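A.B. asks: Sequence:
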Amino acid sequence: MSDAPTPKPMNERLRQLPLTGADTSMGKLLRKFWQPVAISQALEANKAKTVKVMGETLTLYRGDSGKAYLVGGYCPHRLTLLANGWVDGDEIRCLYHGWQFDGTGQCTHRPAEPDTKPPPIRVVSYPTHEYSGLIFAYMGEGEAPEFELPRKSVFERPGALQFARLETWPCNWLQQVENSLDAVHVSFVHHWGNVGSFGKVVASTIPELSYEETDAGIRQTAVRSAGSTRVSDWTFPNNNHISHPTLEADDPWVDVGVWMTPVDDENTMRFLIYSIPSTDPATDTRIRDYFEQYSEYNPADHHDALFFENKMPDDKLVQLTSAQDYVAAVGQGTIVDRTQEKLGRSDMGIVTLRRVYWREMEAIEQGLPGKQWKRLPHDAHMPKQVNEAVS
40 MSDAPTPKPM NERLRQLPLT GADTSMGKLL RKFWQPVAIS QALEANKAKT
90 VKVMGETLTL YRGDSGKAYL VGGYCPHRLT LLANGWVDGD EIRCLYHGWQ
140 FDGTGQCTHR PAEPDTKPPP IRVVSYPTHE YSGLIFAYMG EGEAPEFELP
190 RKSVFERPGA LQFARLETWP CNWLQQVENS LDAVHVSFVH HWGNVGSFGK
240 VVASTIPELS YEETDAGIRQ TAVRSAGSTR VSDWTFPNNN HISHPTLEAD
290 DPWVDVGVWM TPVDDENTMR FLIYSIPSTD PATDTRIRDY FEQYSEYNPA
340 DHHDALFFEN KMPDDKLVQL TSAQDYVAAV GQGTIVDRTQ EKLGRSDMGI
390 VTLRRVYWRE MEAIEQGLPG KQWKRLPHDA HMPKQVNEAV S
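For the sequence shown, the numbering used here gives the first residue as 40, with consecutive numbering after it.
Everything labelled a hint here was simulated from the structure, so no lab data went into it. Treat each hint with caution, since some may be false.
[Claimed, not checked] With a Cα cut of at most 30 angstroms, we get these calculated DSSO-like pairs of lysine-lysine:
(1) Lys86 with Lys156
(2) Lys106 with Lys67
(3) Lys88 with Lys67
(4) Lys67 with Lys381
(5) Lys106 with Lys413
(6) Lys91 with Lys106
(7) Lys67 with Lys91
(8) Lys88 with Lys156
(9) Lys91 with Lys410
(10) Lys355 with Lys239
(11) Lys91 with Lys413
On a predicted model such as this, the values are computed, not experimentally measured, just so you know.
Turn these sequences into a full structure, and let the hints steer you where they fit.
C.D. replies: Structure representation (structure tokens):
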């Protein structure tokens, strides 16, 4: 008699995929990796803010030292939000009765109590790491892994123009991750409404697709013609790296890193890093001016205009690309019912992604370590594709 576990029905496996609570298999899996939780520039010294990550309400603050800390969201005394208090040195004090906590979550002072030593009271705390304009946190069990897997050499180029962005979308995180492993959508979604600088180099031709699991994630290759090959370098568990034109034909291409961090199962923080090699002062200034003008954009703030008026943003890159992806992903609903899908051969990227997730979730359920994902020794080669229709 076999001791092997009985396979779960497919419908059950599909319904488990998007769920990220701390007691779910996917939630445990995502917590094993560093996740971006905020834009560095948005967190000033001696300031605190409430953030929600994978359903957990937390307090993010920056101390006198400049270090960012992530601790529990509520004071355990009377359960008011800690972020509404104030930062004292590298500790945070609750506004209600002055209870104070350090960056490890330890309560260090209760002014109205006759404490002679730190009380045995603490809130949760998570390690943080700042990288390329983003604040990452490790919310898993045990010691945090070395901050290595999320790194890309293109985001560490000396002198590069670099911009970090955040959008919050009212849909499940997995819808956006699956979009990254769907090369066919580019030929349609990014030709919808307007065709911007990204869409202009990606023909509406349906690509020939191939997928390869790497030590870091999944390599997606989409070939539309002899001179048009597009590579996406997706890193486990929820980050994609692509390259495409910036603004003008002669501009250096921009490398984009995109992370999908669940706020909860119905909302997603979409973090982006744009990295562009520096060229000449005039070009650099023009690109900086563009990002200053157009990068503060969240398509969710324009939901009705996009969905009911087909009113696209007056932009050809950042806003347009986000708006097009937003309409596709949010148009699936808050959490798409994958049991009702009709997939085809062109969806092999989605199928590959789900198989990898299921394998890693099953390892967690069986108490096994799972794959030891690691950063690749070299960034993926991303050729500049040429749209045969305009070449």
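A.B. asks: It remains to establish, for every hint, whether it holds in the given structure.
C.D. replies: Against the structure, the hints come out as follows:
Among the hinted pairs, Lys86 with Lys156 is consistent with the structure: their alpha-carbon atoms are about 27 angstroms apart, no more than 30 angstroms. Simply put, Lys106 and Lys67 have alpha-carbon atoms about 26 angstroms apart, close enough for the 30 angstroms limit, and the pair holds. Among the hinted pairs, Lys88 with Lys67 is consistent with the structure: their alpha-carbon atoms are about 25 angstroms apart, no more than 30 angstroms. A distance of roughly 29 angstroms separates the Cα atoms of Lys67 and Lys381; the hinted pair therefore holds under the 30 angstroms criterion.
The suggested pairing of Lys106 with Lys413 holds, with an alpha-carbon distance near 26 angstroms, which does not exceed 30 angstroms. Distance restraint check for Lys91 and Lys106: the Cα-Cα separation of roughly 20 angstroms lies within the 30 angstroms cut-off, and the hinted pair is therefore satisfied. Distance check on the hinted pair: Lys67 and Lys91 sit about 16 angstroms apart at the alpha-carbon level, within 30 angstroms; holds. Of the pairs offered as hints, the one joining Lys88 and Lys156 holds, with about 28 angstroms between alpha carbons and a cut-off of 30 angstroms not exceeded.
A threshold of 30 angstroms between alpha carbons decides the hint, and for Lys91 with Lys410 the separation of about 28 angstroms falls inside it, so the pair holds. Using a Cα cut-off of 30 angstroms, the hinted pair Lys355 and Lys239 holds, with the two alpha carbons roughly 10 angstroms apart. The straight-line distance between the Cα atoms of Lys91 and Lys413 is roughly 27 angstroms, inside the 30 angstroms bound, and the hint therefore holds.
Violated hints for the displayed structure: none, as all numbered hints are satisfied.
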